[in-house]
Amino acid sequence: MKQYDLVIVGAGPAGMAAASAAAEQGLTVAVLDEQAAPGGQIYRAISAPALRDEGILGADYYHGRSLLAPFKAARVDYMASTTVWEITGAREVRLSVQGRARTLQARRILLATGAQERPAPFPGWQLPGVMSCGAAQIMLKTSGLTPPTPLVLAGSGPLLLLIALQLHWAGVTIAAVLDTTPKENYLEAGRHLGGALRGWKMLLKGLGYLAKLKRSGVPCLSRVGDLRAEADDSGKLTRVRFRHKGREQSLDTNSLLVHQGVVPNVQLSRAIGIDHRWDELQLCWRPATDAWGETDIEGIFIAGDGAGIGGAVAAEQAGRLAAWQVARQLGRMSPNERDRLAAPVRRALAPVLAIRPFLDVLYRPAGEFLRPADDTLVCRCEEVTAGDIRRYARLGCTGPNQTKAFSRVGMGPCQGRMCGLTVAQLIADTRQTTPAEVGYYRIRSPIKPLTLKELAGLDDADRKQP
Amino acid sequence: MSVRNHDNPGETDVAIIGGGLVGMSLAYGLLRQGKRVTVFDEGDQALRASRGNFGLVWVQGKGDTCPEYARLSRLSARLWPELAASLQQDTGIDIELRQQGGLYICLEQDALRQRAEMLARMQQQAGGDYPFEVLSAAQARAKEPALGSDIAGATWSPMDGHLNPLLLLNALHQAFAARGGRLINGRPVQRIQPRRGGGFDVQLSDTRLWANQLVLAAGLGNKALAPQLGLHAPVEPNRGQVLITERLRPFISYPTGHVRQTGEGTVQLGDSKEDVGLDTGTTAEEIGKIAARAIRMYPALEKVRLIRAWGALRVMTPDGYPIYQQSAQYPGAYVVTCHSGVTLGAVHAGPLVDWLLGKDIDISLEAFSADRFPL
Amino acid sequence: MQTDSPFNRLATATADTVTIEIDGRPFNAREGDSVAAALLAAGCIPSRTTPVSGSPRAPYCMMGVCFECLVEVDGLANVQGCMVQVAEGMKVRRQSGAREMTVGDFHEAV
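Going line by line, the protein sequences match chains A, B and C.
Using the UniProt record's numbering, read the first sequence as starting at 1 and increasing by one per residue.
Using the UniProt record's numbering, read the second sequence as starting at 1 and increasing by one per residue.
Using the UniProt record's numbering, read the third sequence as starting at 1 and increasing by one per residue.
Take these hints with a grain of salt, some might be off.
Calculated pairs, BS3-like style, for lysine-lysine (alpha carbon to alpha carbon, straight line, at most 27 Å) [as the list claims (entries may be wrong)]: (1) C:K91 to A:K201; (2) A:K453 to B:K143; (3) B:K289 to B:K35; (4) A:K245 to A:K183; (5) C:K91 to A:K453; (6) A:K201 to A:K183; (7) B:K289 to A:K2; (8) B:K273 to A:K453; (9) B:K359 to A:K453; (10) A:K2 to A:K453.
Here are the computed distance ranges between Cβ atoms for each label pair [what the hints assert, rightly or not]: (11) A:D460 to B:Q125: 41 to 47 Å; (12) C:G89 to A:Q3: 36 to 42 Å; (13) C:G43 to A:D77: 51 to 57 Å; (14) C:G89 to A:D460: 23 to 29 Å; (15) C:P6 to A:A48: 24 to 30 Å; (16) B:Q125 to A:R100: 25 to 31 Å.
If you're looking for bench data, these hints aren't it; they were derived computationally from the structure.
Here a beta-carbon is modelled for each residue, glycine too, at the ideal position from N, C-alpha and C.
The task is simple: from the sequences and hints, build the whole structure.
As structure tokens, then:
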């Protein structure tokens, strides 16, 4: 069985930075990533961006090149199109590439699997024609494709504004940007202004986006509520309904992009059994880590948005910190050397982290997306509605696992990625408690659906080696 | 705090500790006989054999060394249609009971021969009333075209079948609620205190309830609770890993001991027998073995994907047979435990409830006393 | 399959065409497209119907989380289209409901 000092799962900013830093210290490193090329999602396709016009995506995207170059030059075993489906407490890493499953052994593991968009259900979100904002951005980066027009965007958060601008600069006709950020958030966020001001550079950038969007001529409506997507007989999206300034309105469109922030992708960290804590500001669970990213499972680290939302720049710094701590633990670096390298990184991280509470509170999703109406599909895979979940909570289900057994919620191929947060919130509401009390699904490997043949043939290829 | 218990707990006829298939089957039977029933159940993270249950309503091969158990399984299979109909009438839920027979696939000739001999013995023990057939590979494949050629054969019995265990648990809970049963859940029972003059106090962190009779149906939890009632429940966990595939259109007609296609179209694969304590996790090694065996039996499963896997903890007595016993020291307290909560569900809802209520029953339960185990 | 795609292709850095088959008909995708992106570019919306109720769906997240982009690729069913890049000659088929197991499957793997 192949052994490595450090196995990194994910080749986004945290993974690439960690790999480069670890290789520099002489560690043997493997980087396993599901995509065909490095970059994760934020720097997706950075090694071969599709768009000729670099003005569309903006400088922040192309910053990824500064991570790519050292990553490509580093002495690491980079395995693309590789799915990690299990990690054990003994630090075995099980992966699948080209239809074959095998095991690697690691002395240390770094999970850098990043974030996912918060699944934010509303009536009709499952209709063909509705996509996440992130999906549209990915299509721009990998393929230079833009969504059909007239395009409507709806949601809340910095990414919504950024993507609206990027698509506008790409020449897409945007019928409206519907901002669902609740009025109350602005007041609440003001309490965290101190932190925001410490991150003034980012604050300015965000305000800049807002200003550009206003100047762009794209119709922007704020404090939009009661969002609904409707279909015609074909079953595809034809209309978006919403409430604005007390009036019911609608827009005819086949193309709606939605966004309600990002949350850590906890599938792998949960399956390993890492301790997770509910974050009341970010309204999600995050794995518990120390200052270097190490979890309560010895030798397993998490860096980047997978540990808690901090953004791309924070992710690459966290990757470096984890790599240096691993190097120290494996005797390649003295504690003093580690701290010397870490100090400027922590200083650079401070403003990035300081602004988070402000952003988290400002862009907290409106209630209708956290606790959707009864007729809303919450589990898209098994087609279970919010009303169904509330009913089972009333019947006596005290948590998501019982609710799963009764309603099939969370039993589909996505293994709860799209419904887990909402289910916890709905049960909490119905039983008059909190998501922290209610808990999450019990997640088990394999965290991605492999074929039975692959599972039966685990490590066969290695065994045949002389 | 559970939503369901804002009213003050008071008297109840029967308190049942455990809201799984065993407890809820008993509860349902008691409610049908007009008793007041309160079920105590733990929280979302509790160990629950019922959620891991394979769903077989299985007779063939059970009770090889215990004729009473063979008879009990047979009886329960016969009683199942009535229970299923009753639950459907109460809740509208169809628990997908199908009793069209089952196959036990043998991969090697030796295993097939041994199994055939065992079933022949059991047939003799049952006075001939034990239908089964021994099928060659070709005969098995004629019956079940999805089977592969790399098998030795199978034993078939019309006595066998399956149902949807999650729908069953769901239906039992809904029927329980509909018939006025009370569920107190979300936290464990701390202590059970027999009352002088009869009856039992069930103590939780924030509640106490006085019940006339008390049934321990708490699976692995019975071990710790039983001594409080002068009972003995030497149960240990035994893990069986279970795999579930993506949904497929129906292509496997008969349930087997290791593979069955559910009403949703998913294919359920089992199983292992591991002594790992209370670990409900899965291992790549066992998953690989289960997958390999399933592919050998049904080659078409090769390209089918695994969606979920889990470890189900069987509640195992030392000989694998149930414990049904009333406390001699505290009459009115009972322990009920088995590892076949689905198959025996109909017996639990029927004759066993008669036994709890002191009525005459046709079956003998003496063989299931825990006195058969050394203390 | 629609011939006029609602998705628009902007000027790209390279223009390497990759010809794949979607539901038996040829389509010119671009190198670097995921199968899901190619389906959208080809106007193949909905890209599947669900096993539970036969409802129409299309890719939602494009990053492997939502499992809406499930599609048959070169004979293997339920592949996440957004996780696979197009390759010359690839045969993509949209799925309708739960996967069918045919007699051919039964004896395929002897």
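Tell me, which hint numbers fail for this structure? Going through the list in order, the structure violates hints 1, 3, 9, 13 and 16 and respects the others.
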